[in-house]
Amino acid sequence: MSVSIETIIKPNKKLPLLHMVFSFPAMLTVGLLAIVWALSSGKANDPDIWWHLRNAEYLFQTHQLPSQDMYSFTVAGKDWMNYEWLAEIPFYLAWRASGMVGVNLLWMLVVQGIFVGLLYLSYRTSRNFKASVLACGFCSFLAVVSFGPRTILFGYVLMILLLIILERFRSTGRGPLWLLPPLFCIWVNAHGSWLIGLIVFGIIGAAGLVEGRWGRIEGLRWTPSQFRKLALAGVATVAALFINPFGWRLVIYPFEFAAKQKLNVAHIAEWVSVDFHNTRGKFVLVLLIALIIAAVFRNCTWQLTELCLLLFALYCGLTYIRFLFLLGLVAAPILAKLLDFVPPYDPEIDKPILNVLFIGGLLFWATYSYPPATQRTLENSLAETYPAQIVSYLQSHPPNGNVLNAYLWGGYFIWHNRDLKVFVDSRVDIYEYSGVFADYLDLAGLKNPEQILDKYQIRYVLFPPDEPLHYLLEHDPVWKIDYRDEVCTLFERTEPSTPPLTAVQ
Amino acid sequence: MRVAFSFPAMLTVLLLGVLWILSSGNLNDTDIWWHLRNAEYLFETHHLPSQDMYSFTVAGEGWMNHEWLGEIPFYAAWRLDGLVGITVLRLLLVESIFLLLLYLCQRSSGNFKASILACGFCSFLGSISFGPRMILFGYLYMVLVLIVLERFRSTGKGLWLLPPVFCLWVNTHGSWVLGFILFSVTAAAGFVDGRWGRVESLKWSSQQRRKLIAAGLASAAALFVNPYGWRLVVYPIQFGSKLKVPIENVTEWSSVSFHDARGTLTILLVFGLLLVALVRDRRWLLAEIAALLLAIYFGLTYVRFLLFLSIIAAPLLAKLLDFIPSYQPDLDKPIINMMLMVVFGVGVVHSFPLMSETALQAELAREYPTQILPYLRTHPPAGPVLNQFEWGGYLIFYEPTMKVFIDSRVDVFEYAGVFGDYLDLVQLKNPREILEKYGIRYVLFPPAERLTYILEHDPRWKVNYRDAVSVLFERVAFGSNQGT
Numbered sequence: 001m002s003v004s005i006e007t008i009i010k011p012n013k014k015l016p017l018l019h020m021v022f023s024f025p026a027m028l029t030v031g032l033l034a035i036v037w038a039l040s041s042g043k044a045n046d047p048d049i050w051w052h053l054r055n056a057e058y059l060f061q062t063h064q065l066p067s068q069d070m071y072s073f074t075v076a077g078k079d080w081m082n083y084e085w086l087a088e089i090p091f092y093l094a095w096r097a098s099g100m101v102g103v104n105l106l107w108m109l110v111v112q113g114i115f116v117g118l119l120y121l122s123y124r125t126s127r128n129f130k131a132s133v134l135a136c137g138f139c140s141f142l143a144v145v146s147f148g149p150r151t152i153l154f155g156y157v158l159m160i161l162l163l164i165i166l167e168r169f170r171s172t173g174r175g176p177l178w179l180l181p182p183l184f185c186i187w188v189n190a191h192g193s194w195l196i197g198l199i200v201f202g203i204i205g206a207a208g209l210v211e212g213r214w215g216r217i218e219g220l221r222w223t224p225s226q227f228r229k230l231a232l233a234g235v236a237t238v239a240a241l242f243i244n245p246f247g248w249r250l251v252i253y254p255f256e257f258a259a260k261q262k263l264n265v266a267h268i269a270e271w272v273s274v275d276f277h278n279t280r281g282k283f284v285l286v287l288l289i290a291l292i293i294a295a296v297f298r299n300c301t302w303q304l305t306e307l308c309l310l311l312f313a314l315y316c317g318l319t320y321i322r323f324l325f326l327l328g329l330v331a332a333p334i335l336a337k338l339l340d341f342v343p344p345y346d347p348e349i350d351k352p353i354l355n356v357l358f359i360g361g362l363l364f365w366a367t368y369s370y371p372p373a374t375q376r377t378l379e380n381s382l383a384e385t386y387p388a389q390i391v392s393y394l395q396s397h398p399p400n401g402n403v404l405n406a407y408l409w410g411g412y413f414i415w416h417n418r419d420l421k422v423f424v425d426s427r428v429d430i431y432e433y434s435g436v437f438a439d440y441l442d443l444a445g446l447k448n449p450e451q452i453l454d455k456y457q458i459r460y461v462l463f464p465p466d467e468p469l470h471y472l473l474e475h476d477p478v479w480k481i482d483y484r485d486e487v488c489t490l491f492e493r494t495e496p497s498t499p500p501l502t503a504v505q
Numbered sequence: 506m507r508v509a510f511s512f513p514a515m516l517t518v519l520l521l522g523v524l525w526i527l528s529s530g531n532l533n534d535t536d537i538w539w540h541l542r543n544a545e546y547l548f549e550t551h552h553l554p555s556q557d558m559y560s561f562t563v564a565g566e567g568w569m570n571h572e573w574l575g576e577i578p579f580y581a582a583w584r585l586d587g588l589v590g591i592t593v594l595r596l597l598l599v600e601s602i603f604l605l606l607l608y609l610c611q612r613s614s615g616n617f618k619a620s621i622l623a624c625g626f627c628s629f630l631g632s633i634s635f636g637p638r639m640i641l642f643g644y645l646y647m648v649l650v651l652i653v654l655e656r657f658r659s660t661g662k663g664l665w666l667l668p669p670v671f672c673l674w675v676n677t678h679g680s681w682v683l684g685f686i687l688f689s690v691t692a693a694a695g696f697v698d699g700r701w702g703r704v705e706s707l708k709w710s711s712q713q714r715r716k717l718i719a720a721g722l723a724s725a726a727a728l729f730v731n732p733y734g735w736r737l738v739v740y741p742i743q744f745g746s747k748l749k750v751p752i753e754n755v756t757e758w759s760s761v762s763f764h765d766a767r768g769t770l771t772i773l774l775v776f777g778l779l780l781v782a783l784v785r786d787r788r789w790l791l792a793e794i795a796a797l798l799l800a801i802y803f804g805l806t807y808v809r810f811l812l813f814l815s816i817i818a819a820p821l822l823a824k825l826l827d828f829i830p831s832y833q834p835d836l837d838k839p840i841i842n843m844m845l846m847v848v849f850g851v852g853v854v855h856s857f858p859l860m861s862e863t864a865l866q867a868e869l870a871r872e873y874p875t876q877i878l879p880y881l882r883t884h885p886p887a888g889p890v891l892n893q894f895e896w897g898g899y900l901i902f903y904e905p906t907m908k909v910f911i912d913s914r915v916d917v918f919e920y921a922g923v924f925g926d927y928l929d930l931v932q933l934k935n936p937r938e939i940l941e942k943y944g945i946r947y948v949l950f951p952p953a954e955r956l957t958y959i960l961e962h963d964p965r966w967k968v969n970y971r972d973a974v975s976v977l978f979e980r981v982a983f984g985s986n987q988g989t
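Protein chains in written order, with my numbering: chain B, 1 to 505; chain X, 506 to 989.
The shape of chain B in the complex, shown without the other chains:
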């Protein structure tokens, strides 16, 4: 059974198009999208996007995927797998079409698409449009952590599609399960979050193996026919994972990541657990408390599937903030169901004129307060965190030796200064495996910085002014400042390093 906007408005009566466009649900949808738009504003800053663009450019130019590092001097030539190659293409095309404005517009559209999908899923689950908008609105604040030009957004698009397909299959016994193998085939080539998708699929499949009622929890068993279809889809899906340019290596990559990239998880901000001191943490806390309150105060029935999914998403979201988006996707339909005390939409009392006014007001507010970014505003915004001003200096004064750059700036140079080979960038895997990332962390924490600088024959250091290493070099006569602006300082070593220089490549 499919749900159209018409059924949302009035199940058995066809309304005029204009009436539908300016209905109360349409106004609420615009309100939700305006909130998502406002939350998306000013989030053009992601350290990965630059090397993604460069990879895609390489693909378009050479019709090959990079198989080894081409951007650094520390791990140059080492094997590297471009495990998100497919998601890079739309970003690159957007960039080709309209520069950073295109990139910005693309990810904002993707986010809006995800929330439209989530609203649809929430409505399917709860049959209450107002409750669904409220739930999605709340969850947008959880999801904001992943807003930005990020390849993971495609993972979440696929996740919402997966959830919709499985919800349809569960509620109607039918549903395009045949879509799952191609979906996972795209997913495995776009982002490592396919593993989360497979776990979600596994949870939904496994929860239907038991039937019963335990308090307010209800488990419904798949029919034999459904189970056969699911099993078949699962097998085909797993097989589809291997349709990728790297074969089994891409499939085991997420496992390898979890097992081997400990420094990455321990030091990169998006892998930290929720901090309940900040606004994001407060939202998570409100969600947790609301769920407990709903469990004891409301007489609602919880499906075993949704409870298992919720606990899984809560675990992931609490432990790693990058998965708060996942928590938002899983929690929104459940919240919408729990908000069933919100009176449903009644078309009889709808006031299209008022809706038109509100829609106009919301659109005006969203575009006036958060205007679409222009190339110039985006560049200005980037110049606040990236060393944009030094790029022209580096082009006219190319460094005559190895440059140590701040971790977050590596990708930016890979894209904006092709001649410069970086020390490190946010492709953490290759740097962690070769020990460069650990050395970088030691350097930034001033643990044997001299030895590490010597080890990599560093002649130049390009760092932000508020870093301890910056302070050290500023007060070290061995180093002089070649260039300085508000965002970065370029140091040059005036004396050769003490021990004989040893190449690390």
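None of these hints come from the bench; they were simulated from the model. Here the structure is a predicted model, which means the values were calculated and not measured. All clues stand as given, with none of them false.
Using 30 Å as the maximum straight-line C-alpha spacing, the simulated DSBU-like pairs for lysine-lysine come out as follows:
| no. | chain 1 | residue 1 | chain 2 | residue 2 |
| --- | --- | --- | --- | --- |
| 1 | B | K480 | X | K942 |
| 2 | X | K967 | B | K480 |
| 3 | B | K282 | X | K749 |
| 4 | X | K749 | B | K43 |
| 5 | X | K716 | X | K662 |
| 6 | X | K967 | B | K455 |
| 7 | B | K447 | B | K260 |
| 8 | B | K262 | B | K421 |
| 9 | X | K749 | X | K934 |
| 10 | B | K447 | X | K967 |
| 11 | X | K747 | X | K934 |
| 12 | B | K43 | X | K934 |
| 13 | B | K447 | B | K421 |
| 14 | X | K662 | X | K618 |
| 15 | B | K455 | X | K934 |
| 16 | B | K43 | B | K282 |
| 17 | B | K43 | B | K421 |
| 18 | B | K78 | B | K421 |
| 19 | X | K934 | B | K447 |
| 20 | X | K747 | B | K282 |
| 21 | B | K421 | B | K260 |
| 22 | B | K447 | X | K942 |
| 23 | X | K934 | B | K480 |
| 24 | X | K662 | X | K708 |
So these bits of chain B aren't anywhere near chain X, every CB distance computed over 10 Å:
| no. | residue |
| --- | --- |
| 25 | M81 |
| 26 | G117 |
| 27 | I203 |
| 28 | F227 |
Cβ atoms here follow ideal geometry from the backbone N, Cα and C, with glycine treated the same way.
Following the hints, complete the assembly by docking chain X onto the known chain B.
Below, chain X alone, put in the same frame as chain B:
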């Protein structure tokens, strides 16, 4: 004899053994040292300090010893048996809290085995506060208040204990506010009668209401029975509203990290409660659920309050674990119980023996600059010393002649801006200017700190002393333009 070697007694020994293990060796608390020094001052002068006496950065500034009563037992224990005395007192406090909590769980659930399980689980969660800390007295009072309120709910008696408890509490630790909130929540929940889903609230009788109001007013009045009057009463509120920097930068005020074992246990608890709420068809009291949500908020937001969460969650867990078969005296085997008690007791004490003074000192020497003390006595610093934050209290107690830059009494240092400057120093934000500002001549820091590295490579500073734990630098040149 039968009672002493009963199955519940064996389980109690087991719980106490677990607590013994969790408390063992955990003597590293940065505050205990200046608490001891305060109590020493009280014993010597019969006065409470009213201003800072230990630092050169805030010397003479008004300071309130807001935990003075909790310091006395620790100082008495130290006088009696040094660090061993402190360890024993700390252990007794932890064991007492959990014995009382066990009693509360048993009263609430009527199932001793479930109570033991609940307390055992919560002991792991609460172990973050098992050091020699004043807050342990706060938690002791908290369990007492909960027992009083539980008894009042079931028997209508016992509220007279609250005013003296709050009077002791306000003089011991700022956590009395949590106790007062719990009292208010319990009292307020009884003003409504109703049933919502699985939640139920029973209205107090008019006589109970009168008693509660009288006890509340008397408890509020009792808060003012302290050496500092209203200032001590508003202190926790002032702390919450004004001391933002310590809350952001001191570890125990951070949120639970779900990457470590404690975080995993917290997740288990929250998930367990959610599941049980859905699966088990049992009544929750409105007051219980309100207190639980409050404790979840505090416990998740500030790790230091995980013991608070444990204390609130344990009786609930015990009730929710009522599917565990209750104790049946007829099936009891005292001989087996006795053997298990002996084996477990001996095993625990043998594997985790009470540490001797020497062993405790050796443990401290791994964290604190113990070895430098003789050097400091023979070579007293001839100028202001910048010390590491965590070492301030230790130096206050063990090297009383030395005035510290900072210690863990964050309130007085934050108000004066010293804590902000200290944070800037360790993050290398204008360290030279800050060192100049305070006229620092010596720096006593651990070897692995960034500031240590900077000073090691600054010709204006020389190393006077170095061991595995600390490095003492002395400035050899003055003036901001000298050196590199």
